[in-house]
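Undergrad: Single-letter residue listing:
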Amino acid sequence: MPETVRAYALAVGTTVRSFWHGLSITLSYLLRRPMTVQYPDRTALPVREMLPPRYRGFLEVDVSICTGCQACERACPIDCIAMVLEKDPQNPKQRLVTQFDIDEAKCMFCGLCVEPCPTGSIQHTQEFEASTRHLRNLTFRWSDPLKPWPVYKVPKDATYYPRALLGAILRPMLEARAWDAPPPEFLPPEPEGKPAPAAPAKAAPPLPAPASAAPPKPGP
Amino acid sequence: MTEALPLPKTASAARRRARRVLALTLAVGLGLPSALFGAVLVLSPLRHLAPPGLSPGSVFLFRALCLLLLAVVLVTFGAVISGMTVWWEMRVSSRMQSRVGYNRVGAAGFLQWVADAVKLILKEDLVPKDADAVLFRAAPYFVIVGFALTFVALPFGESLIAADLDVGIFYLLSVSALVVVGILVAGWSSNSKWSLFGGMRSAAQVISYEIPAGLAAMVPVLMAGTLSMQGIIRSQGAWPWQWILLTNPFALLAFLVFFVAQLAEGNRTPFDLPEAESELVAGYVSEYSAFRFAIFFLVEYGNLWVMSAVAVTLFLGGWQVPFAGPAAFEAARGVATLPGPLWWALEILSLLVFVAKTVLVMNLIIWVRWTLPRIRVDQMMSLCWKYLVPFAFAAFVGTLLWQILLARVPWVASLTGAVLTLGGAVTAYFFLRLTYRNIAAVGDRVDLSNW
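Same order as they appear, the protein sequences are chains E and Z. Going from the first sequence to the numbering used here is simple: count from 1 and add 36. Going from the second sequence to the numbering used here is simple: count from 1 and add 21.
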């Protein structure tokens, strides 16, 4: 409320000055580039390639250097990794990983499984885009129960572990799947007495029992 | 479950699709206004013609048909221009806020206003249980009628006006007040405290600001000696130093007062108190939905065009084309029933000049909206009564004295025009320099990419 002529003139002057500065500031922003990154279709690179190298995206397992030690499974605080190892029927000295499921829907990307891995087989990638219609499709199965793979034996003179390029295994897997793919179906248990078709048929336990299949966690 | 639109599989398919979207956007964005302006261009002179060989009754029917078509075209134009203004305002405002804004429907998001309109029309039309149903339903009619009637006296070009009323500006100011009636009715009949406050604020605001707006509009009227919109434009020249705005320092003051008062009458920020969303949800439109809401929205944005066109008419030289005075139009018109092609070309030029100026003023209004925050109710009232009204009176009296001076020393007008044009150029230079420094001060640069 202007009381004097001076206050009145001051109010007018302030108004003019605020217009002058304010309009110039908004105009200057109009002429600048907006900060917005137009994800997903108008980025210079795919966003996964712009993420920092230590970004903790989906887990990837290089099965060729996995020793089957189950350290990751024990480290996982929320049990989203389920591993089952069995002896090779042909070669009793060789152990096979018949199940290695990582439930990325449950995973909290804490990175605790990556740290104990002796060979660096399990790693976080930059991948994060895998929205799917069915939640079960987010369980990544790194071992096919019908075609289990042998565990890696670390050579005595090993100075490094021949790990595949980070993301090179997961990327084709993600690209191969449709976002609306049907969820995996769990087969009913085999009828008694009938021989299984595949050789390591015993290695295909009914799936929704990872907790019972996994060895009990070492108590503190 | 709705199926998502299939995404293009390959890069070339994506490019083809982008080209199609661009073509569609350009067709709508350029075709629709061109068609409407073209219709105005053809229909407004046509309705004065008397095609030879027709009986007086047929001539009357012909003219009535032309007028009816012109009315439809003008109301459609109001709707289309308000939609396009929404899109433009959203794009400009988001860049001012370092965002991108509409960019999904059509190229640069241009078709978003069509999508929004379709969405609003398809929504449920609700009338609150305790509302006064008759008045609630009637309010949008007041608003849309007040808006549509302004187009009667709104010029578009040299001969392009629905009706060049002798009391043009007076008529415009009075019919645009009909919108307030609609707003007040909407606020009252909604039976909601927010709506009521919004309506009351709007009434107080618009009635207060009518006074400075009317006084400021008197300045061009005094200088032109007529109330007719075309007459006011004809009294000005094409160049900036011949505009009413710059031939009289009091008109400059009157323009500022008029501009602010028009912002307030159009309920634009910083005067959007009637629909202040932080206090009143949406003010008088709180209870409205669907098509009725769309009408309020349409009128609010369509009013931008009306405001700008009136300001351009009164102060900024209207449709005056450089190097083409009234004599050039008269010569090109000829004596035949239908005017010659040169006349049509001149008409198109005058239309383009008028549209360009109007769009510039519209941009100024949008720019002010996204710069200034909303003011308080007491500030709004004190601004009107303590600042704008005295200034408007000063401009009014000053213009009276100025006209006396002009009668004695006619060259003062040219001198003032030159000085004020030069002053405007210098101001613009310093303003742009300040803007550039704002950008450079933080190591940024002028970059218009990322659309």
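Simulated from the structure, these hints should not be mistaken for lab results. Just so we're clear, the structure is a prediction, and the values are computed from it rather than from any experiment. Take the hints with a grain of salt, since some may be wrong.
[Stated by the list, open to error] Using 20 Å as the maximum straight-line C-alpha spacing, the simulated SDA-like pairs for lysine to any residue come out as follows:
id : chain 1 : residue 1 : chain 2 : residue 2
1  : Z       : K407      : E       : D124
2  : Z       : K407      : E       : R53
3  : Z       : K407      : E       : A43
4  : Z       : K407      : Z       : A225
5  : E       : K183      : E       : P88
6  : Z       : K407      : E       : R42
[Said to hold, decoys possible] Ranges between beta-carbon positions, derived for each pair:
id : chain 1 : residue 1 : chain 2 : residue 2 : range
7  : Z       : A136      : E       : F164      : 23 to 33 Å
8  : Z       : I142      : E       : Y75       : 27 to 37 Å
9  : E       : A141      : Z       : L381      : 54 to 64 Å
10 : E       : V41       : Z       : L51       : 47 to 57 Å
11 : Z       : E145      : E       : P113      : 46 to 56 Å
12 : Z       : S33       : E       : I61       : 52 to 62 Å
13 : Z       : E145      : E       : R78       : 33 to 43 Å
14 : Z       : V96       : E       : A43       : 44 to 54 Å
15 : E       : T51       : Z       : N212      : 36 to 46 Å
16 : E       : L171      : Z       : E145      : 45 to 55 Å
17 : E       : I61       : Z       : V430      : 40 to 50 Å
18 : Z       : V42       : E       : A141      : 34 to 44 Å
19 : Z       : L373      : E       : F55       : 38 to 48 Å
20 : E       : I61       : Z       : L381      : 15 to 25 Å
Using N, Cα and C, we set each Cβ at its ideal position, and we do this for glycine too.
Undergrad: With reference to the structure, classify each hint as holding or not holding.
TA: Here is what the structure says about each hint:
no., hint, result
1, Z:K407 x E:D124, "violated, 95 Å"
2, Z:K407 x E:R53, "holds, 19 Å"
3, Z:K407 x E:A43, "holds, 12 Å"
4, Z:K407 x Z:A225, "holds, 15 Å"
5, E:K183 x E:P88, "violated, 35 Å"
6, Z:K407 x E:R42, "holds, 14 Å"
7, Z:A136 x E:F164: 23 to 33 Å, "holds, 30 Å"
8, Z:I142 x E:Y75: 27 to 37 Å, "holds, 32 Å"
9, E:A141 x Z:L381: 54 to 64 Å, "holds, 55 Å"
10, E:V41 x Z:L51: 47 to 57 Å, "holds, 54 Å"
11, Z:E145 x E:P113: 46 to 56 Å, "holds, 49 Å"
12, Z:S33 x E:I61: 52 to 62 Å, "violated, 43 Å"
13, Z:E145 x E:R78: 33 to 43 Å, "holds, 35 Å"
14, Z:V96 x E:A43: 44 to 54 Å, "holds, 48 Å"
15, E:T51 x Z:N212: 36 to 46 Å, "holds, 38 Å"
16, E:L171 x Z:E145: 45 to 55 Å, "violated, 34 Å"
17, E:I61 x Z:V430: 40 to 50 Å, "holds, 42 Å"
18, Z:V42 x E:A141: 34 to 44 Å, "holds, 36 Å"
19, Z:L373 x E:F55: 38 to 48 Å, "violated, 30 Å"
20, E:I61 x Z:L381: 15 to 25 Å, "holds, 20 Å"
Hints 1, 5, 12, 16 and 19 from the earlier list are contradicted by this structure; the remaining hints agree with it.
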